[in-house]
Amino acid sequence: MADPRGGPTPVPRVVSVVPDVPAINKEFDYLVPDHLAGRVRVGTVVRVELHGRRVGGWVVRDGVPPRAGINLRSLSRVTGWGPPSDVVELTQWASWRWAGRRSAFLRTASPETRVAALPPPAWGAPPAGGSRQVLDEALAAHARRLVLRLPPAAALLPVLLAAAGRGPTLVIAPAVAAVAALAAGLRQAGVPVAVVPGDWAQAAAGAQVVLGTRAAVWAPCPDVAAVVVLDGHDERLQQGQAPTWNGWVVAAERAARAGIPCIVVSPCPTVELLSWGCVTVPSRSVERQGWAALEVVDRRRDDPRTGLYSARLVNLLRTSGRVVCVLNRKGRARLLACTGCGELARCEVCGGAVALDPTGQLSCTHCGASRPAVCLTCGSTRLGLLRIGVSRAREELEALAGRPVGEITAETSWQPDAPVLVGTEAVLYRLPQADAIAFLDFDQELLAARFRAGEEALALLARAARLVGGRERGGRVLVQTRVPHHDAVQAALLADPSRLTGPEAEVRRTLRLPPWTALALVSGQAAPTFVAALDGVEVAGPASGRWLVKASDHERLLTALASVPRPGGRLRIEVDPLRF
DNA sequence: CGGACAAGCTGA
DNA sequence: CAGCTTGTCCGG
Numbered sequence: 001m002a003d004p005r006g007g008p009t010p011v012p013r014v015v016s017v018v019p020d021v022p023a024i025n026k027e028f029d030y031l032v033p034d035h036l037a038g039r040v041r042v043g044t045v046v047r048v049e050l051h052g053r054r055v056g057g058w059v060v061r062d063g064v065p066p067r068a069g070i071n072l073r074s075l076s077r078v079t080g081w082g083p084p085s086d087v088v089e090l091t092q093w094a095s096w097r098w099a100g101r102r103s104a105f106l107r108t109a110s111p112e113t114r115v116a117a118l119p120p121p122a123w124g125a126p127p128a129g130g131s132r133q134v135l136d137e138a139l140a141a142h143a144r145r146l147v148l149r150l151p152p153a154a155a156l157l158p159v160l161l162a163a164a165g166r167g168p169t170l171v172i173a174p175a176v177a178a179v180a181a182l183a184a185g186l187r188q189a190g191v192p193v194a195v196v197p198g199d200w201a202q203a204a205a206g207a208q209v210v211l212g213t214r215a216a217v218w219a220p221c222p223d224v225a226a227v228v229v230l231d232g233h234d235e236r237l238q239q240g241q242a243p244t245w246n247g248w249v250v251a252a253e254r255a256a257r258a259g260i261p262c263i264v265v266s267p268c269p270t271v272e273l274l275s276w277g278c279v280t281v282p283s284r285s286v287e288r289q290g291w292a293a294l295e296v297v298d299r300r301r302d303d304p305r306t307g308l309y310s311a312r313l314v315n316l317l318r319t320s321g322r323v324v325c326v327l328n329r330k331g332r333a334r335l336l337a338c339t340g341c342g343e344l345a346r347c348e349v350c351g352g353a354v355a356l357d358p359t360g361q362l363s364c365t366h367c368g369a370s371r372p373a374v375c376l377t378c379g380s381t382r383l384g385l386l387r388i389g390v391s392r393a394r395e396e397l398e399a400l401a402g403r404p405v406g407e408i409t410a411e412t413s414w415q416p417d418a419p420v421l422v423g424t425e426a427v428l429y430r431l432p433q434a435d436a437i438a439f440l441d442f443d444q445e446l447l448a449a450r451f452r453a454g455e456e457a458l459a460l461l462a463r464a465a466r467l468v469g470g471r472e473r474g475g476r477v478l479v480q481t482r483v484p485h486h487d488a489v490q491a492a493l494l495a496d497p498s499r500l501t502g503p504e505a506e507v508r509r510t511l512r513l514p515p516w517t518a519l520a521l522v523s524g525q526a527a528p529t530f531v532a533a534l535d536g537v538e539v540a541g542p543a544s545g546r547w548l549v550k551a552s553d554h555e556r557l558l559t560a561l562a563s564v565p566r567p568g569g570r571l572r573i574e575v576d577p578l579r580f
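According to my numbering, the first sequence is numbered sequentially starting from 1.
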């Protein structure tokens with residue numbers, strides 16, 4: 001169309017928009033009307049008309065050449081600020097890396113409520129200190145991928161202050177409690193902090209430190225100079241639902257794209273972390289001081305019938321202040337046997353083991369069938385508790401300790417005010433500190449049928465060591481086990497995590513497990529069709545409705561997953577599963 | 001996701 | 001063959 005006044009034809013401004021509709025993983029082009037022109041950029045949250053209805057969405061590309069033959073609609077309105085353009089690009093990479101929908105990542109990267117305007121930026125670095133020099137040297141020696149192995153009781157604030165001294169810093173931690181504590185510490189040191197998601201607008205405007213849980217890795221952070229991940233080994237950095245993205249992996253990619261350092265701090269770096277970055281280790285004495293004294297109770301000589309309580313445990317219960325006992329089994333008893341005929345209590349319907357529920361009935365953990373506590377073979381009502389749970393342990397511990405014992409599991413919301421507590425590993429995440437921690441049956445962790453069992457066990461010991469404080473605070477961690485020489489136990493005992501990761505890396509190599517290979521779990525109604533079409537990867541399964549896809553590296557795995565068109569129906573792809 | 005539309009089924 | 005259900009396709 002020629003301009004009637006004879007001037008050059010104005011080129012219409014066109015943007016690509018990803019709609020915020022879970023089932024659509026596609027970009028659509030829209031015209032930018034003149035009255036919105038100044039408020040639209042890559043990342044902006046907009047509303048658009050799609051197929052007759054208005055939906056939200058994100059501008060992901062600007063200056064798109066208009067394609068002939070398509071009658072474009074205009075953007076309906078601008079909702080507000082969205083992720084900056086570098087993060088928008090990162091979401092595209094992430095949708096490939098975790099075989100997920102772009103909108104899932106864009107939503108995580110956006111403010112929870114509409115942000116119409118930004119406040120003034122909040123800059124202000126802390127005064128240069130001793131830690132700063134240590135960090136600078138480590139970064140100079142190890143380039144941009146740094147794994148900082150700091151023991152559990154080590155203070156993390158100095159690391160953040162050192163990083164913030166070099167420029168605006170993005171920090172992620174696994175849990176809300178740690179985020180709140182660090183934010184308070186930084187503010188006390190005079191460092192302006194934006195805690196996301198609440199302070200998203202401040203983060204977008206600019207702040208010396210942008211801080212939050214794993215989703216904060218998607219937060220805006222203008223002029224970011226470093227990304228810091230705290231407790232990089234923690235499984236909570238990985239999202240549970242698909243796409244199963246992992247905070248430290250995103251942090252590493254974001255930093256690499258920005259050409260800035262990524263610093264991952266952990267008392268017990270995983271073999272994945274070690275294969276990614278260069279590890280910096282404190283002196284032997286500093287690391288030893290930062291782990292708690294570990295008491296390993298070797299139960300190999302003990303009669304299996306003496307139960308969960310060694311003499312040293314009883315002593316700990318009676319002499320220490322606040323004692324926390326960890327037993328990763330909920331309920332009263334998970335396995336029972338008839339004291340008369342010795343038969344195991346099993347389910348009438350499916351034959352599986354039955355557990356004792358709070359009402360005194362036996363209920364099946366597989367099919368849910370319930371029946372009275374009577375032996376099916378001889379009719380006796382006297383059933384022995386072979387594998388007790390937290391509820392029963394609480395009663396027995398109370399008798400042994402001679403003082404009140406409280407119970408905490410993932411379900412209990414309140415916190416009992418008893419000197420001794422027993423619970424599943426949820427207790428370790430619920431309490432701020434303790435004087436002593438006892439793992440009643442640590443073999444359950446050490447020998448779990450999961451490929452990360454050893455690392456998970458060491459992470460629990462690290463968590464416990466942090467709760468009781470380092471050696472100087474006199475906190476104690478007691479571990480009851482029949483595998484006292486297990487690498488995870490030895491690593492915590494000697495305050496040397498490489499005792500575990502060294503052999504662990506070799507085992508993983510032999511078994512062709514990550515980080516030497518890349519895995520994905522595929523499940524859902526459409527999974528059979530999908531996995532049948534995969535090419536260039538190994539497919540195993542199905543095992544309980546799930547297929548395991550294995551490739552020599554992520555590049556090959558994700559290329560294969562991306563090259564098969566998604567069939568209709570439900571499909572869940574879990575890249576880098578934590579367990580399978 | 002949700003509307004449009006085509007194909008398939010039913011009853012008169 | 002109208003009227004309805006079910007399934008597949010596609011959106012700028």
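The set of hints was computed from the structure by calculation and includes no laboratory data. All residues carry an ideal CB built from backbone N, CA and C; glycine is no exception. Warning: the hint list may mix true and false statements.
Claimed, not checked - Taking CB as the label site, the calculated pair distances span:
| # | residue 1 | residue 2 | range |
| --- | --- | --- | --- |
| 1 | L376 | G198 | 53 to 59 Å |
| 2 | R322 | R570 | 42 to 48 Å |
| 3 | E555 | D303 | 41 to 47 Å |
Can you give the numbers of the hints that this structure goes against, from lowest to highest?
3
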